[in-house]
Amino acid sequence: MKENVRTAVVGYGFAARTFHCPVITAVPELELAMIVQRSGHSCLQAYPSVRAVQDVREAYEDPDIDLIVITTPSTAHYSFVKDALLAGKHVVVEKPFTPTTEEADELIALAQDKGLVLSVFHNRRWDGDYLTLQEVVRRGLVGRITEAEFRWDRFSPNADPSRWRDAGAEGSGTFYDLGVHLIDQALTLFGLPDSVQAEVRTQRERTLAPDYFDVSLGYPDGLKVSVKSTLLARDPAPRYRLYGTEGSFVKYGEDPQENLLKAGRLPGSPGWGEEPQEMWGSLVANRDGLQFTGRLKTIPGCYDAYYRNVAEAIHGVSELDVKPEQARMAIRVIELGMQSHAEQRRVPFTP
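In this note's numbering, the protein residues as written are 65 to 415.
Be careful, since some hints might not be right.
Derived BS3-like pairs (lysine-lysine); straight-line CA-CA distance at most 27 Å [as the list claims (entries may be wrong)]: (1) Lys292 - Lys361; (2) Lys178 - Lys387; (3) Lys387 - Lys288; (4) Lys387 - Lys292; (5) Lys326 - Lys292; (6) Lys361 - Lys326; (7) Lys146 - Lys178; (8) Lys361 - Lys288; (9) Lys387 - Lys146.
Here are the computed distance ranges between Cβ atoms for each label pair [stated by the list, open to error]: (10) Gly179 - Ala406: 38 to 44 Å; (11) Gly77 - Gly332: 21 to 27 Å; (12) Leu174 - Arg410: 33 to 39 Å; (13) Gly380 - Ala327: 33 to 39 Å; (14) Phe413 - Gly335: 39 to 45 Å; (15) Lys178 - Gln341: 45 to 51 Å; (16) Gln403 - Lys178: 29 to 35 Å; (17) Arg203 - Arg102: 43 to 49 Å; (18) Phe219 - Gly332: 30 to 36 Å; (19) Lys288 - Ala233: 30 to 36 Å; (20) Pro284 - Glu122: 46 to 52 Å.
Calculated from the structure, these hints are not laboratory results. Glycine is no exception: its CB is placed at the ideal position from the N, C-alpha and C atoms.
All chains should be modelled from the sequences, with the hints used to inform the complete structure.
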């Protein structure tokens, strides 16, 4: 294996421009070598040294390309990932992995058969607020967890059915787009649930895809984990609520890394991922008779850690952090959530 993992990015929409290309260039173990842009070569304005092509087959057929990053809409993930694996390339695919677990299972088996790295871009595991939440749980700061809530509220009242997210095709809508991130975080933190109950609705005019979800994951020890989102929240609720036998942790706001990337900043620059003190989460805890009430400093986020791990996994020196089997389980929760909504009942979790 060459020292640097030569990488081709397929697609040059919002995800590629904002997340993948900038973060890839910030990871020394990776080399952004090619961008597949179906129409035009605007990518060369930002990355003049890359090879810009319009046909994805050039990425598949180039023997110098090690890793292919799929940033196309989720409705097309299956075919692009399958073709890249058949071409002998390692693959990173944008979330959600695939619209169905059946497709995910086929791709996982293909990657295993080919001995290739396959990962899904669940970068939100490296949001600073989520990293902080993980530490609160790991250190037992609020005692035994009894309830947790993960929310992604936005105010975006105008749907556009010409966009894939609002168009209603399989794999579209906020349940797949935003919900899969929150579900992945919940499963990473608490493991697989025993049951799933969900309400999935369309609230905005003109949208053809679900734009609201409220999911309850049940666990054997009585833990309840809620995953929710609406696009009609002018005043968003807390991003995270964590309640336990000895305290609570509440965090508002969103990780700053996306806005930093939009502003042209790169991971590793001074102050990367740091939040101002007024955005830190609130911790109220009672341990050993001592009461604490105050702000908990947010751990800086680090999206580059995702891609650094992918490069190390390709080199065989680290275990892959975001395994395709984990991303597949998030899709399974969505499938069961849709079943729960259709049947108006809580359904048992089945892999």
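Each hint tested on the structure:
1. The hinted pair formed by Lys292 and Lys361 meets the criterion: a straight-line CA distance of about 25 Å does not exceed 27 Å.
2. Distance check on the hinted pair: Lys178 and Lys387 sit about 16 Å apart at the alpha-carbon level, within 27 Å; holds.
3. With a CA separation close to 25 Å, the supplied pair Lys387 and Lys288 stays within the 27 Å bound.
4. Of the supplied pair hints, the one linking Lys387 and Lys292 holds, its CA atoms being roughly 24 Å apart against a limit of 27 Å.
5. A threshold of 27 Å between alpha carbons decides the hint, and for Lys326 with Lys292 the separation of about 26 Å falls inside it, so the pair holds.
6. Of the supplied pair hints, the one linking Lys361 and Lys326 holds, its CA atoms being roughly 24 Å apart against a limit of 27 Å.
7. Of the supplied pair hints, the one linking Lys146 and Lys178 holds, its CA atoms being roughly 11 Å apart against a limit of 27 Å.
8. Using a Cα cut-off of 27 Å, the hinted pair Lys361 and Lys288 holds, with the two alpha carbons roughly 26 Å apart.
9. With a CA separation close to 16 Å, the supplied pair Lys387 and Lys146 stays within the 27 Å bound.
10. In this structure, Gly179 and Ala406 meet the distance hint of 38 to 44 Å, their C-beta atoms being roughly 39 Å apart.
11. Hint check: Gly77 to Gly332, Cβ distance near 25 Å, so the stated range 21 to 27 Å holds.
12. Judged by the Cβ atoms, the range 33 to 39 Å given for Leu174 and Arg410 holds: they are separated by roughly 34 Å.
13. Roughly 36 Å separates the CB atoms of Gly380 and Ala327, a value that falls within the hinted 33 to 39 Å.
14. Taking the beta carbon of each, Phe413 and Gly335 are about 41 Å apart, inside 39 to 45 Å as hinted.
15. The given range of 45 to 51 Å is respected by Lys178 and Gln341, whose C-beta atoms sit roughly 48 Å from each other.
16. Taking 29 to 35 Å as the suggested C-beta distance range, the pair Gln403 and Lys178 conforms, at roughly 32 Å.
17. For the pair Arg203 and Arg102, the supplied restraint of 43 to 49 Å holds, since their beta-carbon distance comes to about 48 Å.
18. Distance hint check for Phe219 and Gly332: the Cβ-Cβ separation is about 32 Å, which falls inside the suggested range of 30 to 36 Å.
19. A hinted range of 30 to 36 Å for the beta carbons of Lys288 and Ala233 is consistent with their spacing of about 32 Å.
20. Restraint check, Pro284 to Glu122: a C-beta distance of roughly 51 Å satisfies the suggested window 46 to 52 Å.
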